[in-house]
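Place chain B on chain A using the hints.
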Amino acid sequence: MKRFPNDKCSLNVSYARVRSRRCMFSALLVLFLLYPSNLPAQQTKASEYEIKATYLYNFGRFVQWSASAVAVKGDSFPICVFGQDPFGSILDSTLSGESIGGKTVVAKRVSKPQEALDCRILYISASEDSRLKEILTGLDKAGVLTVSDIPQFSQRGGMIQFVLVGNKIRFEVNLTSAQDAGLTLSSDLLKVAVAVRKSPQPGD
Amino acid sequence: MLVSGAALLLACASFIAYDLVSFRQATIYNLSIQAQIAGSNAVSALLFDDQSSAEKTLSALQVSPNIISAGILALDGKPFAAYSRDNSGRTPELPRLATGQSETYRFSGGTVVLVRSIVFQGKSTGTIYIQSGLEALYSRLRLYAGISAIVLAVSLLVALLISPIFQREIAGPIVQLAEIAQLVSRDKNYSVRAAPADSCDEVSVLVGAFNGMLSQIQERERALQKAHDELEQRVQERTTELDNTNKELEAFSYSVSHDLRAPLRAIDGFSQALLEDYSEKLDSSGQDHLQRVRLAAQRMSSLIDDLLNLSRVTRSEMRREKLDLSAVVRSIAEELQRGTPSRKVTFVIADGLKVEGDSRLLRVAIENLLGNAWKYTSSHDSARIEFGLHQPNGRPAYFIRDDGAGFDPLYSNRLFGAFQRLHSMAEFPGTGIGLATVQRIIRRHGGDIWAEGAVEKGATFYFTL
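Sequence order for the protein chains is A and B.
Its first residue numbered 849, the first sequence is counted upward by one per residue in our numbering.
Its first residue numbered 2, the second sequence is counted upward by one per residue in our numbering.
This is chain A alone, in the form it adopts within the complex (with noise of 0.2 Å):
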């Protein structure tokens, strides 16, 4: 992950292709974070992964999967980690006991396509950078929430990217992915994520 020191001007014009809305939009996100001007540039309340972990649980709690999309689902909620686990027990620790829309939340490791066909949530690692595309196309149609932290995710037909605003963990939004996939983005979502992409970007 990147990381960017707490300097308010090259902050996210370089990170994000934002567009003026968006900027303005962020510029008072960095106002905001003056506030507590004493807090290390570290979240030290909850570590990075403790705060992806509850962020992928509450994705979850945004979406709307559409009939087709659910007929290849089970009876439980999978949230799966695809490749290298950065998450480790956090993630099993955070979803324990949870549940969304009565069915029980379940952590899952997976390492092919195919196997990730029945989750709800799949969060890509950064160590399939190379075979993001071969993993996107193998999930597509299948009604997977792709999650990510890979640069530039959201562009390469990732649904949500995790991305850092000043302290805070953020993330943009691809709608036309999520639609795609048939799945549903509350605009409550929507309006709290820091970029909504409506088209894939040419990725490479």
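Hints in this document: simulated from the structure, not taken from any laboratory.
Glycine is no exception: its CB is placed at the ideal position from the N, C-alpha and C atoms.
Some chain A residues well away from chain B (every beta-carbon gap over 10 Å; in silico):
no.: 1; residue: Trp913
no.: 2; residue: Lys921
no.: 3; residue: Gly922
no.: 4; residue: Gln932
no.: 5; residue: Thr952
no.: 6; residue: Asp988
no.: 7; residue: Thr1024
Restraint ranges, calculated between C-beta atoms of paired labels, are given here:
no.: 8; chain 1: A; residue 1: Ser944; chain 2: B; residue 2: Ser41; range: 21 to 31 Å
no.: 9; chain 1: A; residue 1: Val918; chain 2: B; residue 2: Thr105; range: 37 to 47 Å
no.: 10; chain 1: A; residue 1: Ser944; chain 2: B; residue 2: Ser15; range: 54 to 64 Å
no.: 11; chain 1: A; residue 1: Gln912; chain 2: B; residue 2: Thr105; range: 32 to 42 Å
Chain B alone, transformed into the frame defined by chain A:
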């Protein structure tokens, strides 16, 4: 006036109070809805730590002019986002939510603060509060108070204007009627009448009926008086008749006594003379005959005396006075004892029995009763004569009891008849008038007399006064 004013005031006050209460409740309800909406809109901001989104949500509350400030707290209670109308950034003091409670509010210092917990998909996510001013409430209160005051003033004014009319038409005649009623019952003057009302309403009917009643009462009074007078007259007539009769009787008995006694005296006298002067010429049988003649004449004389006594008793005037009956009994007992000191008689006399009656007549009655008791115990060696008060239940009765010869209860109905005797002359002397006399005396006192007894077991005479 005071009463109606107070009632009106009370009614106004209750309406205002009710309205204010329901307005308050409506305010709270409104705030609650706004909190719920804002809260649900801020859920994702809370979950994904996006303060600016939360503040944006809160700032939408500025369209509500009464909302002073609002804020969102995270699950740990720390402030997450805030809004204040005047941008002062002041947070009000928040009431605490009890466990399990999702919403609470507090009115203080001209504002109300509502606190509500934000729940998303069944999980508690944070807390939202909204503080609203109460100007709307207060201005409403002022408005209502103003309206009430005006309504009250107008009503009282109107009442004041109408009241004299009311008084004249209705209250006036009724008060007058009440006064006349009081006057009539106090002075018993039934000739007064209420002034007839000239209107054709219930009041005039009342007055007419009242006057009618008075006329009826007056008529009755007159009739009563007339009957009373007639009765008086009749009584007067009867009394005169009675007086006349009494006078005749008096004359009669006087002449009887006088005229009857004379021959008796002659009989007795001459018999005595015969006995004394011609004793040597008469044998014992002859003397005996003469003695018998004398005795008979004497007896007749005493009979006449007793009869005269009896009639006098019934005719004489009665004077009621307070009298110590025990004292009378005691004095008569002493007299009897003095007359025959040799006799052993125990008198048991109850003390302090006071009655109201004619002292002369009562004395005669006691004399007769005690005399009887004395006489009929003479055949016994010792005797016991009692006088006292017997009060089994209710009416008290005085009694004189002796343990002498007594009488057969079968003949008790003859006891009080004139000249009735239950014993022969040989056993006990007497004319048989005594008890009749006593009965007359007791009856004249409005009382009753009766006797109980058994042969050789004594007799008890009870009487009431």
